[in-house]
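Residue numbers (our numbering), protein chains in the order written: chain E, 1 to 360; chain P, 361 to 661.
Don't read these hints as lab results, they were simulated from the structure.
Worth double-checking, as some hints may not be accurate.
[What the hints assert, rightly or not] The calculated DSSO-like cross-link candidates involving lysine-lysine, where the alpha carbons are at most 30 Å apart (straight line), are:
1. P:K446 to E:K167
2. E:K49 to E:K27
3. P:K498 to P:K431
4. E:K112 to E:K306
5. P:K524 to E:K306
6. P:K524 to E:K11
7. E:K11 to E:K62
8. E:K237 to P:K524
9. E:K49 to P:K524
10. P:K572 to P:K381
11. P:K572 to E:K273
12. E:K49 to E:K81
13. P:K572 to E:K237
14. P:K446 to E:K11
15. E:K112 to E:K27
16. E:K237 to P:K462
17. E:K241 to E:K11
18. E:K237 to P:K446
19. P:K498 to E:K11
20. E:K11 to P:K462
21. E:K306 to E:K241
22. E:K44 to P:K446
23. E:K167 to E:K73
24. E:K62 to P:K524
25. P:K462 to E:K49
26. E:K81 to E:K11
27. E:K273 to P:K381
28. E:K237 to P:K381
29. E:K44 to P:K524
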Amino acid sequence: MLRLAMVGLGKMGLSHFAIVNTHPGVKVVACCEQNAYLTDVLSKYTGLKCYDDTDRMLQNEKLDAVLIATPSKLHARMVEKALERNLHVFCEKPFVLDVSDGERLAAMAEAKGLVNQVGYHYRFVGAFQEAARIVQSGALGKVHHIRAEAYGPVVLRPKGSTWRSSKDEGGGALYDYACHALDLVNFIHTPAVSVGGVAMNSLFSRDVADEVYCTMNFRDGATGQLCVNWSDESCRKMATKVSVWGTNGRLSADRQECQIYLRSPHSAVPDCKGGWISRYTTDLTQPVWYYLRGEEYSAQIDYFVKAIESRSRDNVNSFRSALQTDKLVEMILAEVNPRVVPATAAASVRPRGFWARVLG
Amino acid sequence: MDRVLFGDNQFFGVNHMSEEKARAQAMRFQDLQAVIDVLDAAYREGIRTFMCTTHDRVGEICDYFRANRDKYPDYRFYPCMPYAHKYANAVTEHGTMGALRKFLPEDGAVGAMFRGGVALASKDIEVIAQLLVDAEMKMFQGLSTPVIFIQNVITDLLLGVGLKDAFRMFADHVRNRYQAEPGFITMNVPRLLDVLEEVGVDNPIVCANINKIGFRMCGGMDLYEKTIATRRFRPVAMSVLASGALSPREAIEYVCGQPRIESIVFGASSRGNIRQTKQLIDELTCPAPGPGRRDAQVSAA
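Required output: the full structure, derived from the provided sequences and hints.
Shown next, in the form of structure tokens:
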């Protein structure tokens with residue numbers, strides 16, 4: 001039985017806790033959370049051992065793994081503490097706010113042979129997995145354009161009092177929404193090597209962007225667009241969609257379905273004789289032992305547990321993989337604020353932004 | 361409970377198969393009259409119960425039914441609370457405690473006191489749970505609400521976290537304050553039944569996905585079928601069509617073939633689909649009528 005502790009019980013933390021707490025291979029032995037009201041209620045009604053100091057928890061409890069769901073700015077520090085104690089780590093997305101922290105922590109986890117996973121749950125959604133499979137099979141021909149979109153109704157008024165409305169703490173639509181869309185592009189195609197034409201606007205928030213748009217350039221010459229807006233009331237909840245165009249067709253995937261159009265048949269999609277077909281979530285989704293909000297949230301936790309049990313060290317959503325998304329965030333920020341120099345921008349790829357074209 | 365309950369997903373842009381279809385439905389049903397027309401069509405087919413979330417727009421539907429009591433003397437609502445996205449978005453915007461304060465009642469001395477933090481400070485979640493239920497129930501004032509459900513996202517969050525007492529608190533409050541039966545929507549039936557039994561909620565109404573392809577039946581179909589056949593609870597089947605993955609006849613045949621399922625909830629947008637599904641349930645609920653028995657069966661239904 002894996003002994004696990006929760007670090008952070010905010011919105012995502014509580015959801016992760018509810019899921020991992022039911023996992024047959026896991027015993028949640030403690031949690032660490034600053035919200036004293038919540039921890040008092042939990043210890044009173046569930047008997048969960050609660051701490052408000054991570055160091056003390058890590059010192060007192062005999063653990064195999066931690067699940068970190070603190071505000072993003074604390075991720076690096078918490079991950080480091082856990083790795084120092086040789087614990088396997090599941091960390092909520094985004095991985096880190098500073099790419100250099102991420103490099104160091106990914107190397108540390110790898111050197112210690114610890115399972116390290118970040119909560120990009122869309123990689124566990126059947127429709128996106130199907131999209132990745134089809135794109136990577138070459139069924140669409142040579143991919144030339146990718147569009148990643150995420151819209152939702154998070155900030156609809158000029159107020160907000162949580163860390164999510166603070167740019168220094170990893171808030172804003174860039175970290176909360178765009179990361180998911182970028183990570184899906186990395187998953188389905190490859191990470192972009194440069195970005196341009198960045199537009200980041202605050203609509204209601206004082207301190208952070210509520211919408212983020214940019215062009216993405218890929219190593220193989222393909223281009224892409226990122227379109228993210230978390231102030232879109234027309235969506236009932238977060239709606240994420242990836243569309244890919246290739247010389248032999250296109251596909252669009254969201255949480256519900258994967259729609260594929262092929263100009264000529266391909267062995268990777270044997271039931272498509274050319275033209276449109278749809279694959280639905282009911283066919284693409286694998287059952288989980290416990291359901292809360294979506295199979296993908298449970299599937300990623302189960303995957304983490306199984307990776308530890310099987311001593312697999314080549315897992316999906318590793319720190320290294322999530323770091324690619326953090327690097328893209330850094331590139332986007334560098335485009336908006338030239339004083340930020342991305343350490344990771346690929347020098348070999350010519351930027352295609354407006355100023356680059358004007359200035360040559 | 362009636363055998364057939366009418367659901368509301370189609371009215372609020374919820375479609376588990378297609379976001380495009382969900383949006384088209386959201387457009388169509390932004391007009392209250394379009395919603396009422398569909399509820400009327402269901403009413404004409406004999407469906408008297410509307411099982412609905414506590415979405416803000418349900419308030420408008422409630423206003424209509426309050427104003428037209430004569431037309432629908434036997435109409436019942438089964439509220440399902442809360443409409444979770446409004447809480448989830450509020451938590452993102454205001455944090456857990458901020459969101460809790462936002463949804464606790466503003467008016468009256470008690471409300472003011474709680475918003476001031478007295479209830480929060482006491483760690484007595486029973487009072488807070490009651491206030492949250494009352495806030496959600498406001499829109500149904502004066503209407504018949506014989507069963508009140510907790511939505512699956514809350515049921516399954518509480519179940520996972522292990523806040524078992526919350527279920528008993530909910531059940532007690534719903535019985536005492538609203539003279540209603542508590543209902544629990546869940547995706548995890550066997551586990552929930554264990555916990556409800558443990559906290560003393562006897563013979564509970566439990567609404568869950570029950571469909572021929574095992575879609576979102578956590579624990580697996582075999583365990584579900586065994587649970588339905590052998591455990592003491594009152595099952596309500598939802599998602600019987602598995603979001604359209606099954607043909608209606610095949611889907612209803614499966615559900616009606618399970619013993620002891622009391623009710624089936626389904627949503628539809630067209631009169632034709634409502635009639636077809638309702639007739640299929642009526643037809644497949646009774647054993648095939650032999651010669652001379654048809655009249656008796658129809659009148660019994």
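Hint check, failures only: Result: no hint breaks.
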